[in-house]
Every structure is written in structure tokens, then in C-alpha cells.
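> So the sequence lines, in the order shown, correspond to chains A and B.
For the first sequence, the numbering used here gives the first residue as 2, with consecutive numbering after it.
For the second sequence, the numbering used here gives the first residue as 2, with consecutive numbering after it.
Hints should not be assumed to be uniformly reliable.
Said to hold, decoys possible - According to the in silico footprint, chain A covers these stretches of chain B (three or more CB under 8 Å from chain A):
| # | segment |
| --- | --- |
| 1 | 24 to 37 |
| 2 | 92 to 99 |
| 3 | 147 to 155 |
Unchecked claim - Which residues of chain A face chain B? A partial, calculated answer using Cβ under 10 Å:
| # | residue |
| --- | --- |
| 4 | E9 |
| 5 | A30 |
| 6 | A33 |
| 7 | R63 |
| 8 | G86 |
| 9 | G100 |
| 10 | L111 |
| 11 | A122 |
| 12 | L124 |
| 13 | A125 |
| 14 | E140 |
It is worth saying that the hints were derived from the structure and are not from the lab.
Predicted model only: the values in this text are computed from it and were never measured.
We put the beta carbon where it would ideally sit given N, CA and C, even for glycine.
Protein chains: 2
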Amino acid sequence: MRMTEGVEWALHSCLNLAWAGPDRPVTAARLAAYHELPAPYLNKQLQALVRAGIVASTSGPRGGFRLVRPLAQITLMDVVAAIEGPDEAFRCTEIRQQGPGGGAPASYRLPCAFAHAMARAELAWRRELAGQTLEDVREQAEAQAPAAPERLRRWLANG
Amino acid sequence: MRMTEGVEWALHSCLNLAWAGPDRPVTAARLAAYHELPAPYLNKQLQALVRAGIVASTSGPRGGFRLVRPLAQITLMDVVAAIEGPDEAFRCTEIRQQGPGGGAPASYRLPCAFAHAMARAELAWRRELAGQTLEDVREQAEAQAPAAPERLRRWLANG
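Based on the sequences and whatever the hints tell you, model everything.
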């Protein structure tokens, strides 16, 4: 089971857009170049963030992407759901009802006990993702690399 | 992000092997037929369970698969790890270090704050999986469908 690398790209792009500031939209090409990512694929992730209401895009010569709300109001869950979709990782296909193993329909009114147990674990994961905001991560990232925000702004200004 | 359907197959196969009992090895073909699953693919999952030390296989005319320990000693995590492998779903590729965005190596001594935050959520998921045994699930499954164990044993006896 593997999450698409688009999640990592989207998370860092949100952080970079926060560092760029609300008044400086950044194009997908520039965001991609900053970390040597393929621009068309990053653009796809950015469009997913637009659909999720996390970033907005403006067109025109000075257009680009910008965050529509502060990092403190964006959780890891918001970004993961935007990129990976809302479906659960474990999807029960009700094999318990198939073939000679299937019993009377009355036995299947409740969800399969395996599906229930797996969903409980996934809920713990989602809760943890929903409990952490990008602002929490920004604070740690800046503590590790205090020069990072200014490096981005300088690079954008010279672009 | 989607878990392979092999996880569902492996979970139900363990339950079926428990219902079959320790003295009745069951072939992959029979286990597959019971829920109308493709035998070659189920066999692949069963081999993964063998490598993980959850089931054992014996050859010969009366050979097949059997559980090597009680369901109370098999967690959901054991089965998921056997089928999906031990890797984390979110794998940081350190894009923060790539391109103009990369800073001094000293900034990268600690793991990326996003990787850390994602790992924390995944740990919550793994803990929950490790805290639930197949015995917990068996109890619920039998409460829902009390005839299921005997239905399997009868079907195997007539096979």
C-alpha cells in the first residue's frame, strides 16, 4: 500500500505558497522548478487542491496559485483527502457472502467484522491526520531551516 | 491509496482455517472455491502468510494450509504486514532538498517535518491494527452468523 508521491508534493507546495505570501501567486511551473518536480504532474495536484478549496488559481501574466486560508486551517487530512480521494484504504468486497461460504441474508445485516475492525484502525489514522495542521509542520520546518522562507521569496523575486 | 484485496482474502482465509481446525489442512483451491476467489492469486497470499509464520503448508494428498498459532495470537497488523509488506504508506522522497529549494545540509539532519507528521498518523493506524486480534473478529463474526463454522466444516467434509 503506497500513497502517491503527489501528497508530498502538495504538502510542500502549500508550505511554499504560505512562504510566498498571499499577494504573490506562484505558477505550477515555478513551484515545480523550486524542487525539481515535473510541472505537469504538480499542476494536477494543484488542481486537486483547488477543487478541495485549499488553494485558488488566478490567470493572466501575474496569475498563479495562492492559499485561500491560513496553514492553521489546513490539516494533513485535508491535503491527503484532496490528493488521494475520500475512499478508505481497505475496501470490503463482501467475499464472506460469495460461493458455498455464503449463508442466509440475515447474517449480513451488519458490516463484516473484518471491515469493521479495519475501519476502526483507519479512523485512528484519519483522526491523527485531522489533528495536525500545516501550521504545526511549518513551525517545525522553520525551526530546522530558518533560512527557508526567505530563500524562497528571494528566488521568486528573481524569477 | 488502496490496500490490495489480498488483505481481505487473507483475513477470511485465516478465519476459515481456524474453523476448519488444526487437524484438517485445506488446499488453496478449496479455500478459494469456498468464496469463489481465483485460486492462483489466493495461493500467492497464502504463501505470504507462510513466510510471515502465520500459516504452514504441508504437501501430499492430504496436505494443505493450516494455522500455526491460535487466532488470539494473530493481529490484524500481522496479516496486513504479511500481505502489504512493512513499508509505510507515505514515503518521503526528500523533495525539500531538491533544486533551488534545497538549503545547507545542516538543515536536513532531522527528518522532514511532513514525514514526521505523516508517520505519527500511520503509527496510530498500526497501533490500532496491532491491538485487534483475529480472535476478536471471530467472536463478532460468529455472533452475526452462528452457523458459519459448521457450514464450512460440512462443506470440507463433503469435498
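> Give a verdict on every hint.
Now for the hints, and whether the structure bears them out:
With a cut-off of 8 Å between beta carbons, the segment 24 to 37 of chain B has 4 residues touching chain A; three or more are needed, and the interface restraint holds. A stretch counts as covered by a chain when three or more of its residues have a beta carbon under 8 Å from one of that chain; for the segment 92 to 99 of chain B and chain A the count is 6, and the coverage holds. For the segment 147 to 155 of chain B, the stated coverage by chain A is satisfied: 4 residues place a CB nearer than 8 Å to a CB of that chain, which reaches the threshold of 3. Given the 10 Å rule on beta carbons, the hint for A:E9 holds: about 6 Å separates it from the nearest Cβ of chain B.
The restraint placing A:A30 at the interface with chain B is violated, with a minimum CB-CB distance near 12 Å, outside the 10 Å limit. Restraint check, A:A33 versus chain B: the minimum CB separation of about 9 Å is within 10 Å; hint holds. Checking A:R63 against chain B by beta carbon gives a least distance of about 21 Å; that is not within 10 Å, so the hint is violated. This hint holds: A:G86 has a C-beta 8 Å from the nearest C-beta of chain B, less than the 10 Å allowed.
Against a cut-off of 10 Å between C-beta atoms, the interface hint on A:G100 holds, since the closest Cβ of chain B lies about 4 Å away. Interface hint status for A:L111: upheld, as the beta-carbon distance to the closest one in chain B is roughly 5 Å, under 10 Å. Evaluation of the A:A122 hint against chain B yields a held restraint, the C-beta minimum of about 4 Å falling below 10 Å. With its C-beta approaching chain B no nearer than about 8 Å, A:L124 sits inside the 10 Å limit, and its interface hint holds.
For A:A125, the interface hint holds, the least distance from its beta-carbon to any beta-carbon of chain B being 4 Å, beneath 10 Å. Hint status for A:E140: holds, given a least beta-carbon distance of 8 Å to chain B, under 10 Å.
Hint compliance for this structure: hints 5, 7 are broken, all remaining hints hold.
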